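Enquirer: Read off the chains here:
2 protein chains.
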Amino acid sequence: MFRTHTCGELRINSVNNEVTLAGWVQTIRKFGAITFVDLRDRYGITQLLFGEELNQQLDTNPLGREFVLQATGTVHERSNKNSNIPTGDVEIIVTSFKILNKSAVPPFTIQDDTDGGDDIRMKYRFLDLRRNAVKKNLELRYAVNRATRNYLHQQGFMDIETPFLIKSTPEGARDFVVPSRMNGGQFYALPQSPQTFKQLLMVSGYDRYYQIVKCFRDEDLRADRQPEFTQIDCEMAFVEQEDILNMFEGLIKSIFKEVKGIDYTEKVPRMTWEDAMWNYGNDKPDIRFDWKLLNLKKPSSVYTNKKDSSELITGASFGVFDNAETVVAIAVPGCSDYSRKQTDELIEWVKRPQIGMGGLAFIKCNKDGTYKSSMDKFFNEEKLKAIAAACNASTGDLVLILAGAEERTRKAISELRLEMAERLGYRKKEEFKLVWVLDFPLFEYAEDENRWVARHHPFTSPKPSDIEIMISNDPAIENAAEYLKHPYANIKANAYDMVLNGNEIGGGSIRIFQRELQEKMFAALGMTKEESLHKFSFLLGAFEYGAPPHGGIAFGFDRLCAILGGSESIRDFIAFPKNNAGRDVMLDAPSTIDEKQLVELQIRSTAK
Amino acid sequence: MFRTHTCGELRINSVNNEVTLAGWVQTIRKFGAITFVDLRDRYGITQLLFGEELNQQLDTNPLGREFVLQATGTVHERSNKNSNIPTGDVEIIVTSFKILNKSAVPPFTIQDDTDGGDDIRMKYRFLDLRRNAVKKNLELRYAVNRATRNYLHQQGFMDIETPFLIKSTPEGARDFVVPSRMNGGQFYALPQSPQTFKQLLMVSGYDRYYQIVKCFRDEDLRADRQPEFTQIDCEMAFVEQEDILNMFEGLIKSIFKEVKGIDYTEKVPRMTWEDAMWNYGNDKPDIRFDWKLLNLKKPSSVYTNKKDSSELITGASFGVFDNAETVVAIAVPGCSDYSRKQTDELIEWVKRPQIGMGGLAFIKCNKDGTYKSSMDKFFNEEKLKAIAAACNASTGDLVLILAGAEERTRKAISELRLEMAERLGYRKKEEFKLVWVLDFPLFEYAEDENRWVARHHPFTSPKPSDIEIMISNDPAIENAAEYLKHPYANIKANAYDMVLNGNEIGGGSIRIFQRELQEKMFAALGMTKEESLHKFSFLLGAFEYGAPPHGGIAFGFDRLCAILGGSESIRDFIAFPKNNAGRDVMLDAPSTIDEKQLVELQIRSTAK
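Protein chains in written order, with this note's numbering: chain A, 1 to 608; chain B, 1 to 608.
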């Protein structure tokens, strides 16, 4: 060992002990014949004092930032204590030292507020990882890992490793593939998830499976996606949806307790997909604040059971509303005194291409009891008051109203809701609110191919009451324009998402476990019999030999850690992340490979 | 939940309770109007009794093997108890049941002694995994996983995930590569190990890292290799070899305790590589039995410090010995009464191409005190007696002697030693003996390229005393025939292997942490400066910014589990293994992929 103690360990009760520390030089402060050095390691920082004699040695062997230093000396009580660090009561009067390794001047400062930009910190990730802020993220990640394993172990789950070199069955995202040298012309794929393997393990009787496992998707990367990411992957047999919701509500609560010290005792609320879309415009609502939507109109073909408030706007002859498929409003608390400049800015905000609305109407519920609106020409004060009331607006609130095509408008009001909450400080990093979203549609419509695609994945079962609808109807869509009238459009899935602070952190479903229903599902997705057999004969085969009812869930581990750490970016919680072009700029990967490797693999590049 | 209890849970104290079980039909026994069914799940087997009324329902809905059944009934005490299973005191008198899923007749029996051959069991792996024998292996694997994580956590290690899509730096084994769609003509590689990442984490100050992680090597598969395998990967900073040996001796002992209930209290013995080769002919000796070699001669250029016993054979004019580079003997206990047929069979055994010797000499230390040998013509009884004595042979033992070229002969005597021990029952599955093998040569000679290769890997440091030899000598080998005289041939590495029952279960080293020495190493391996920068500039760069002294180890997780489970085959301890051609026969992977995928990836297959 190069040390007797770590740099975070010594306290006042060690005074007079002789100790040896090893670590990195954080700062050097010279006062005449004395030099103070802050020595840093994973555990903390300890102050070293080099007296007159050693100071001369330092003159011939000067230290620098990030030098690796081993120092032996005696623990002394500091006259000038530093209450900001746990070791701040003591310092080491150094009697001998050794420079274990030198360091060039680092390209950025190794501090919480570093002067390094993103690019340079990614290139020198090994230095960025030294910063306390990044270290805390990785420590949090490890704590979540531990808490997850401990809870699942206590619940009888077994960690079973599934293979990484599997078969390519692209469905949804693109596979990364791996050419096989021993099987020329053939390829493995890297798993997008261990989905079919965990189902096979249920068929094998393993009952409660979990894995914290890398998954791979070759997608065009958006800001916060990674080509490789980590899942907490779980599956259970002989369960119904209720069992899974309770089990994994327990997991998340256990993580809150172990990692954040939070007693999350209340029952996680449940919300149907339809209610989430109707009330929040979003299937992953942030419910840290209420702000429900007022639906002043609804499209003809979805949310058929919901009651809208169209009576509040009919007869006003306001063409923008009358001609819109959907009109939705929210009340933003305390913003009735927004200036013209401020409301104009909001209008510009919703007109940005990312939001794509034509405009924004508003009602100010003034503190003097009056109502002022951008639609004064069409609505008298009584009508404005009625809309505001239906919106649950109080005096002093600002009602914002969007009108347009259903999908875009609902998405826009959801974005606006989040934006306003963010601006007003309602999205508190250290407040955590969970919600289960249930009863998703089983299918989505793929316009470009005029066919159904699985909203979740092809192994999700329909609600038991909808199985008959699925089996007895032909999935073919005769009239593309009226796809919503097809019986498949209303089939609900036995699927559930766990949402935390407006982020989907986990999702899963009760699976199909009958061969015939699985075949019907593949057919519904437009697969021919040959295609489904080529891709999934092992699974269909397994279903012939006593498959039990089963279901499961997968959590996005990177995302969960980021939210718990109060960050928007998963990259901050990954030791060696890739950039938006899928590159590791530190390694300089991907890169070209030797011609010899290509020849052995029997492939050729066609890239220019 | 489909059940109130598992099939392994009910005991006599549950009598009269109403319960619901769910599981698989193991056996069906019909006695007139009564049917007994053994219901199986992950936790055990419980007997169900179907009385007269339900029996009629069974006639119309017959059960079959591996059907998935849910049964409700009352727990009764059995009149005819089965003491072989924990639930054997009770049975369930079924009051209602539901067939949750049917099963086709399985292609082999789901029993410990199955009638299924290897191929069919691999194809239907999901059924093979139901067998108790396979389940026990995966349970053991999970227990080793748990014990490993718990010990390392207690010791302050952090699990940090390293990337799977990295840069191809083939050195030793071949990389699996992954074409990058977003970076045409470029490839990722899958990691052969996280070696360089864990070193970077030490440079980053993480101090104690571990991971249980998949690694990938595209090698031609021998009987018991897998293209993807799992490592327990560990690294520590500010340590010397002694610290690592103690830490990981502790890990293995902790695993023995947690998983096998074995108190492995004795200190793990240490042996230099030279001693291992000299005394056992092998750098991973099985020391469950002593049987040290007697070296009757040694080659001129290795083991120069060892004392051989050539005086015992000189002057006998036995050309076979006189002309051999190496002559080695072992005493096999209790085999002096081997018949001519038996000794002939041994001679044939060493002549097999896998062993490749020309013959075998022996000395029988007969129980009557006489000595009888195949070399009676050349050695009188006194000389035979002296050789036997030097061999530590007792009365009743059989001394076996091989002569030939150094490398082949030493390997052959080692194989013979293991074979005889196996035949005589000295390799007991439930006896475990560990040994550390130390001080390996740093370099090996690659004949075909007339250059040095790293015996361990290019990041292993030489012994501190040998650094000077390495730096001050030119690695080039002028005279290939005399490569052993090159100073590099004698450089010893700061490397160590942990050996369990004759298997290397782990290996590691203290690493190079100085840029200049690392550059010298790359040069010694024949890399040009450009090449080493292209492949490893990130690591060389990292060494410029304060790399601490560090070292680590990696354990072969699959192999460790197999040995603890008393098996020779790692495949039995992997949920979804591949066959010797690298194929997953259940998935039918690898396979061809769509032309569309190839076009997107900008590659073309050149396979016929």
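One or more hints might be untrue.
[Unchecked claim] Each computed DSS-like pair below joins lysine-lysine, with the alpha-carbon atoms no more than 30 Å apart:
#1 A/385 <-> A/411
#2 B/292 <-> A/596
#3 A/492 <-> B/529
#4 B/385 <-> B/367
#5 A/529 <-> B/385
#6 B/485 <-> A/520
#7 B/123 <-> B/81
#8 A/102 <-> B/492
#9 A/307 <-> A/257
#10 A/596 <-> B/529
#11 B/520 <-> A/123
#12 B/351 <-> A/463
[As the list claims (entries may be wrong)] Counterexamples of contact, computed for chain A against chain B with all Cβ distances above 10 Å:
#13 40
#14 81
#15 161
#16 164
#17 201
#18 207
#19 249
#20 304
#21 339
[Said to hold, decoys possible] To be clear about the criterion: a stretch of chain A counts as covered by chain B if any three or more of its residues have a C-beta under 8 Å from a C-beta of chain B, and this derived list gives those stretches:
#22 99-108
#23 363-372
Hints were generated in silico from the structure; no laboratory data involved. Source: prediction; values computed, not measured. Note that the Cβ used here is the ideal one computed from N, Cα and C, for glycine as well.
Enquirer: Each of the hints needs a verdict: does it hold here or not?
Expert: So, going through the hints one by one against the coordinates:
{"no.": "1", "hint": "A/385 <-> A/411", "result": "holds (26 Å)"}
{"no.": "2", "hint": "B/292 <-> A/596", "result": "violated (45 Å)"}
{"no.": "3", "hint": "A/492 <-> B/529", "result": "violated (62 Å)"}
{"no.": "4", "hint": "B/385 <-> B/367", "result": "holds (13 Å)"}
{"no.": "5", "hint": "A/529 <-> B/385", "result": "violated (78 Å)"}
{"no.": "6", "hint": "B/485 <-> A/520", "result": "violated (73 Å)"}
{"no.": "7", "hint": "B/123 <-> B/81", "result": "violated (38 Å)"}
{"no.": "8", "hint": "A/102 <-> B/492", "result": "holds (26 Å)"}
{"no.": "9", "hint": "A/307 <-> A/257", "result": "violated (40 Å)"}
{"no.": "10", "hint": "A/596 <-> B/529", "result": "holds (20 Å)"}
{"no.": "11", "hint": "B/520 <-> A/123", "result": "holds (25 Å)"}
{"no.": "12", "hint": "B/351 <-> A/463", "result": "violated (69 Å)"}
{"no.": "13", "hint": "40", "result": "violated (8 Å)"}
{"no.": "14", "hint": "81", "result": "holds (25 Å)"}
{"no.": "15", "hint": "161", "result": "violated (6 Å)"}
{"no.": "16", "hint": "164", "result": "violated (5 Å)"}
{"no.": "17", "hint": "201", "result": "violated (7 Å)"}
{"no.": "18", "hint": "207", "result": "violated (4 Å)"}
{"no.": "19", "hint": "249", "result": "holds (15 Å)"}
{"no.": "20", "hint": "304", "result": "holds (34 Å)"}
{"no.": "21", "hint": "339", "result": "holds (46 Å)"}
{"no.": "22", "hint": "99-108", "result": "holds (count 6)"}
{"no.": "23", "hint": "363-372", "result": "violated (count 0)"}
Going down the numbered hints, you'll see the structure goes against 2, 3, 5, 6, 7, 9, 12, 13, 15, 16, 17, 18 and 23, while the others check out.
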